[in-house]
Amino acid sequence: MSTTPDRRVSATSAGPAAADPVAAAAAAAAGAGPAVASPVPAGPAAASAPAASAPAASAGPPRRRAVITGLGFITPIGNDRAAVAASLREGRHGFEPVEFLQNPAIPVRLAGTVKGFSVDSMSWRDWRWPAGYDLPRETLRGLAPHGVYAICAVRQALRDAGLAPAAIAGDDGTGLFCASAGSAMMLHGHLAQMHAVRGERGNPMGVVSSIAGTLNFNLAAHFHVTGAVCGFVSACASGSHALGYAADEIRLGRLRRVIVVAAEEMNAETLLPFAAMRALSPRRDPRLASRPFDAARDGFVGAGGAAALVLEDAALAAARGARPQAELAGWGQAADGHGIAMSHPEGRGLALAMRRALADAGAAPADIDYVNAHGTSTPVGDRAEALALRAVFAAGETPSARRPLISGTKALTGHPLSLAGAMEAAFCVLAMNEGFLPGNPHLVNPDPVCEGLDLPLAAVERRARLVLNNSSGFGGSNVCHVLRAL
Amino acid sequence: MQPTSSAQSAPDPSAKLEHFPPEVRDAYARFRDTGDLAALQAVVLAAVRDHMPKPTDQPLSDELRLMEDLGYDSLAVAETVFFIEDLFQVRVETAEIMEVKTVGALKEFVAKKIAALKAAAPGAPDPAA
Chain A
1 MSTTPDRRVS ATSAGPAAAD PVAAAAAAAA GAGPAVASPV PAGPAAASAP AASAPAASAG
61 PPRRRAVITG LGFITPIGND RAAVAASLRE GRHGFEPVEF LQNPAIPVRL AGTVKGFSVD
121 SMSWRDWRWP AGYDLPRETL RGLAPHGVYA ICAVRQALRD AGLAPAAIAG DDGTGLFCAS
181 AGSAMMLHGH LAQMHAVRGE RGNPMGVVSS IAGTLNFNLA AHFHVTGAVC GFVSACASGS
241 HALGYAADEI RLGRLRRVIV VAAEEMNAET LLPFAAMRAL SPRRDPRLAS RPFDAARDGF
301 VGAGGAAALV LEDAALAAAR GARPQAELAG WGQAADGHGI AMSHPEGRGL ALAMRRALAD
361 AGAAPADIDY VNAHGTSTPV GDRAEALALR AVFAAGETPS ARRPLISGTK ALTGHPLSLA
421 GAMEAAFCVL AMNEGFLPGN PHLVNPDPVC EGLDLPLAAV ERRARLVLNN SSGFGGSNVC
481 HVLRAL
Chain B
1001 MQPTSSAQSA PDPSAKLEHF PPEVRDAYAR FRDTGDLAAL QAVVLAAVRD HMPKPTDQPL
1061 SDELRLMEDL GYDSLAVAET VFFIEDLFQV RVETAEIMEV KTVGALKEFV AKKIAALKAA
1121 APGAPDPAA
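Residue numbers (the numbering used here), protein chains in the order written: chain A, 1 to 486; chain B, 1001 to 1129.
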């Protein structure tokens, strides 16, 4: 395997990366990526040069670049591009009052609900979804409720990318990467049935509609995916992991296209265990319950939905005339090594993940125009992220005029767990293309720990060139993406 | 074949027919009340149709093969068996169902199961009642 170095990584990246030998190695590895021989049969697209907008490589074969050509949204703030863009721009939240288990004593009063669907029942025969989505019995019988969201989001993303489902069916260059924690509701229901008959029989669809791989199993079969299929389970970083590894598969030439989909249910079984951890806000006022980085924040608001992104080799997208909406220019991950659920108190792992993502993209902190923060509105998590952001975009490294705007869009959506990172990456791509940066509409009194961070209240009309998207999950799993406008 | 040990704790089996047409629910009630074999077979046919992965309106004649002709896969077979087990409170072994290849064979199999169940517990209430 040739490892001809790619000298494209800019000198500026040496700044943040220099302090972290692993980030420096990541930058070098990113440069070496394009030289890896591709096992994917080289069609006309694979053989062609990268799109004209690609930065010029000074030597070696062209670097493969992962671009995003399609987005799909089933979210609390909208079920299509236009609705989501309007909600983000106008600061419109997607919260509704909820009461779980017919028990008003439960201190969870709000959630980021998914509109236009009815998937509360364990039986798919009772489910309803918006018109325009074809969900055959053959598919429904093995799905979990969030699988319905996921299929609708993928259908949208394919349409947005100009791809008919038949174009990916049986294509060995197209893979499917999923992020899901499984369906706690279905698992509970099926196991309750099993216990009721003392284990003598169970629903044959119990496994495939419940466990953490349920999206992979069902969507690979539904869309006839043959390139590759796998799933990611890293709690609230799952969607971001799926997206990052999808980009790597493309940059390494292993796949030419990856459909990334992340989804989560919003029901008692998924959400209430977080109430047991005292992680949820008990507030009833939707303007006050989810307010990342506010001094009075008191927990997150649960949410459900799905997001899908079509990632493609830039050369493939160019060859078929698809418009790339952004490049996933780099990503990085790092672990806290600290706690089961609590973030490292100073956001050590998240800061390292940001630096690695920047190095992978060949970018300096001063190049970043906007950061979509993980910002769940929990006291500990937001504090850790604020400190990590300050460490990466500190005054010494980033002149104040070049500090990024930062916002937490969970103020509007709530926190959809496994879905968060992929959904927010899709939000970033959408906002970059629409020419605005989302704000922090529920921020009243910024926590003093955020000193020096630029947290606009309202959306800003500005076309970002380079965007950072943060995610953190239980166990100290931190993942960041760098998205570049094209 | 034996009745499931938890029949007492299971919910009313007829609840599993809620989404079926009224004539199927009526057939189930008739079978339960009178043991009418034709009514039983109507319910089995409805169950077969309800579990076809790719539904069609074609008549379900006895000679049709579940997999080759009706598009069943192994999961659909397992689902149908699960449904029949719950509906008629019988237990079907995997080896038994592997022998059932056609619509007619399934109808016959279910009828024999229920007859055997009654024979094994003479005087007992109808297991499906």
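Because the hints were derived from the structure by calculation, they are not lab data. Treat each hint with caution, since some may be false.
As the list claims (entries may be wrong) - Derived pair list, reagent style SDA-like, types lysine to any residue, alpha-carbon separation capped at 20 Å:
#, chain 1, residue 1, chain 2, residue 2
1, B, K1054, A, A166
2, B, K1016, A, H195
3, B, K1054, B, T1102
4, B, K1016, A, R390
5, B, K1101, B, P1055
Owing to the predicted nature of the structure, the values given are computational and were not obtained by experimental measurement.
Going through the hints against the structure:
With a C-alpha separation of about 18 Å, the suggested pairing of K1054/B with A166/A holds against the 20 Å cut-off. Straight-line distance between C-alpha atoms of K1016/B and H195/A comes to about 18 Å, which keeps the hinted pair within the 20 Å bound. A hinted pair counts as satisfied when its Cα atoms are at most 20 Å apart, and K1054/B with T1102/B qualifies at roughly 17 Å. For a cut-off of 20 Å, the pair hint linking K1016/B to R390/A is broken: about 58 Å separates their Cα positions.
For the proposed pair K1101/B and P1055/B, the alpha carbon gap of about 18 Å is at most 20 Å, so the pair holds.
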